[in-house]
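Number of protein chains: 2
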Amino acid sequence: MSSSKASEGDTVRLKAGGKEHTGVLMPHHEFSHPDVIVIKLKSGYNIGIKVDERSELIVTMRSQQRVSKPRGQETGGNLPSLSFLGTGGTIASYVDYRTGAVHPALKAEELVATVPELSEICHMRSKVVFSIFSENMNVQNWRSLAEAVAEELNEGAEGVIIPHGTDTLGFTSAAMSFMLGDIPRPVVLVGAQRSSDRPSSDSYGNLLSAARFCVQADAAEVFVLMHGETSDTCANVHRGTKVRKLHTSRRDAFQSVNAIPVARMDLQGGMEILSPYRKKTTGKVQADTRMESNVGLLHFYPGMNPDIVRKMSQDLKGLVMAGTGLGHVSKEMVSVLKEMVAQGKPVVMTSQCLNGRVNLNVYDTGRDLLSAGVIPGEDMLPETALVKLMWVLGRTDRPDEVERLMLQDMRGEISERREL
Amino acid sequence: MSSSKASEGDTVRLKAGGKEHTGVLMPHHEFSHPDVIVIKLKSGYNIGIKVDERSELIVTMRSQQRVSKPRGQETGGNLPSLSFLGTGGTIASYVDYRTGAVHPALKAEELVATVPELSEICHMRSKVVFSIFSENMNVQNWRSLAEAVAEELNEGAEGVIIPHGTDTLGFTSAAMSFMLGDIPRPVVLVGAQRSSDRPSSDSYGNLLSAARFCVQADAAEVFVLMHGETSDTCANVHRGTKVRKLHTSRRDAFQSVNAIPVARMDLQGGMEILSPYRKKTTGKVQADTRMESNVGLLHFYPGMNPDIVRKMSQDLKGLVMAGTGLGHVSKEMVSVLKEMVAQGKPVVMTSQCLNGRVNLNVYDTGRDLLSAGVIPGEDMLPETALVKLMWVLGRTDRPDEVERLMLQDMRGEISERREL
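Line order of the protein sequences matches chains H and G. Going by this note's numbering, the first residue of the first sequence is number 348, and it counts up by one from there. Going by this note's numbering, the first residue of the second sequence is number 348, and it counts up by one from there.
By construction, these hints were calculated from the structure, which means they are not laboratory data. Honestly, I wouldn't trust all of these hints.
Just so you know, same-sequence chains aren't split out, so a pair can sit in one copy or run between any two.
[Said to hold, decoys possible] The calculated lysine to any residue pairs, modelled on SDA-like cross-linking and capped at a C-alpha distance of 20 Å, are:
#1 Lys685 <-> Arg401
#2 Lys685 <-> Val476
#3 Lys366 <-> Arg490
#4 Lys366 <-> Ala353
#5 Lys664 <-> Pro653
#6 Lys658 <-> Asn641
Using the sequences and the hints, build the whole thing.
The following block contains the structure:
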């Protein structure tokens, strides 16, 4: 093939095998087939095209090279400035086509470069905070990330977009919600269920929609934006404390639980607001990253051994239970939880049903739990209750204060009770 | 009010306050208001009617009093014989209207008597195996129940219906599936989200539909039958290994996960088959109730302390993990699981996403887990994998045999993999 000096991110016209394709040139990796060029079509889908010496690649528009410039050096007048903080995950990965395995590879800059439309929406600034698969995320990572977000917002970013692995994305969005507090502008965590070099990748649409949402919506909370349907029509914006990964592989894996999504972004650029949110303000952010990491989360099951939990509780400062139904555990487990509370270790009850609200006033077991001092987790997700309890215990260990804070809706994590 | 000698379960006409109501007389409890009579209307809804000395209650049809007769004494010719095995739970409870609390009260006989249509469908035989709230269910209860079911089937019951608390109903249905093996006729667990004396109780419709399903469908597996929609149109029949309580309070809380329901029963008596099932056969049942109860179920979360899990694992014979996404845990936790496997303690990986299949071949973390000897749980629910591992460890502790059995679909717990 004729040497064409095309760079990743350039819009190109490729003539090969008697056909012509127009799209964005995708990155070439260590494991890519040497004779295949991958182009992202306008539809968002990637195709791999086999090329030979007769093929021809023509650059029709150079990539704008706007990424990674220090703030203030951007050109283009009135476009708002968005920061992309890389953390790793599938959205920043590519497939090794020899083994089918997925490797972390793309830097935030490269990732952003694969979505040329971004340069028409915003000035971009990107930074890699760390690059890990999200199952390895821990409290220290949450702290670094919250600090990095605060810095970007305080330097004037109109919004911060965090590409993140999907495995623990819901935990991180909850952690950011509590650590960042009343932020003046939006923070949007975005993931991909399929890596950016796969034909059906949701990376492109999710990144683009996240940028559009930051610019178009007058919203200032921590959100999660992910593919909304099995087809390619829309992405949903979820509140960071109300969202959960509910499918191992589908692109529409993320769903709001006990809440409706905040907005829906169609992939053509339209935005539909579905529920109220906090509006943009001015002011600086001070991330409050104090967190007690020795908090446990246990899902109850029949025959759960109370002695094991008793032993385990010695190493914990607090515990979130995901009980059955309205928030129940066995009689023997009620005793263990009572002992924990008596030792000044708060216990919060949520439900493994996920949907619906715990209610400890209906059955004897529930009332026994209340008498034992167990805090009802209302309609909080078990994962959100865990992160919140970590955060609350980072600032107080006074039982009454822990209970007050756990029962108070701080970041939309508790929906208003509807009287039936 | 005039003394009417009406009994619970009788069809009555009540004249009170200038109005007339026809329906089934519901049980009167210790805590019921003395001046209120509760009648179940034909729609299945209960209404409470305030009565005074001018009110009039006329019995239009006596309850058939067919319940609790020893097998063989039933009359009525060709009606099939169904056994009702009481275990407790909301379906066998009533509300204390002074406190709003729910108490276990109704015996299986009383429960059955509140559904007079049953006597047109089947001969009924009822027995209370135990009466507990299902959060207190344990392995020993599963054993007693499986033995009781086997006895009823071996004595010729056309089907066994098990009213059960909803909290752990999905665990019990999985336990019955594995313990009972290839049963010749159906076993249907049925619960209620609202107690039988509440207007919107689902107890009536669920019991009736369970009986109809046993008689109408040529099906011989362990099923769960529960209300299917928020409205009162239908009930769904789920495979016992594929069902989970997914709402704390809604009547349609139970859903098939990674499967479609087996059948839908409309409340008028119609049946729609939705997916294949095992047909009725002849032959006796031998319940195999061996079970290793020292098996744990842990849901992974960021910052999970590997030392606590390491310590805890000393008291366990096996562990089911509900990992993130495709079945992942942190690097540190991979080490702990590897140690467990090396000690001959099987570890099975499922996903806390619930929907979808684990796949340990996509990411490095997954491949590390496979190298560590962790068994992929395919698309099994974490709860079903727990019960299955308990059952498998009850008959072998040979690692290769445990792995073989865990990967083999025994009771519909693993769906066939669809190649994309």
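For Lys366 vs Arg490, is the C-alpha pair at or below 20 Å within one copy, between two copies, both, or neither? For Lys366 and Arg490, neither the intra-copy (51 Å) nor the inter-copy (67 Å) Cα distance is at most 20 Å.
Taking 20 Å as the upper bound on the Cα-Cα distance, should Lys658 and Asn641 be classified as within, between, both, or neither? both (14 Å within a copy, 15 Å between copies)
Homo-oligomer pair classification [Arg401, Lys685; C-alpha up to 20 Å]: The answer is neither: 77 Å in one copy and 53 Å across copies each exceed 20 Å.
Given a CA cutoff of 20 Å, do Lys664 and Pro653 count as a within-copy pair, a between-copy pair, both, or neither? both (18 Å within a copy, 16 Å between copies)
First find the shortest C-alpha distance between Lys366 and Ala353 inside one copy, then the shortest across copies, and answer within, between, both or neither for a cut-off of 20 Å. within (19 Å within a copy, 85 Å between copies)
With identical chains treated as interchangeable, where does the CA-CA distance between Lys685 and Val476 reach 20 Å or less: within a copy, between copies, both, or neither? neither (41 Å within a copy, 30 Å between copies)
The structure does not agree with the numbered hints 1, 2, 3 stated previously, though it agrees with the rest.
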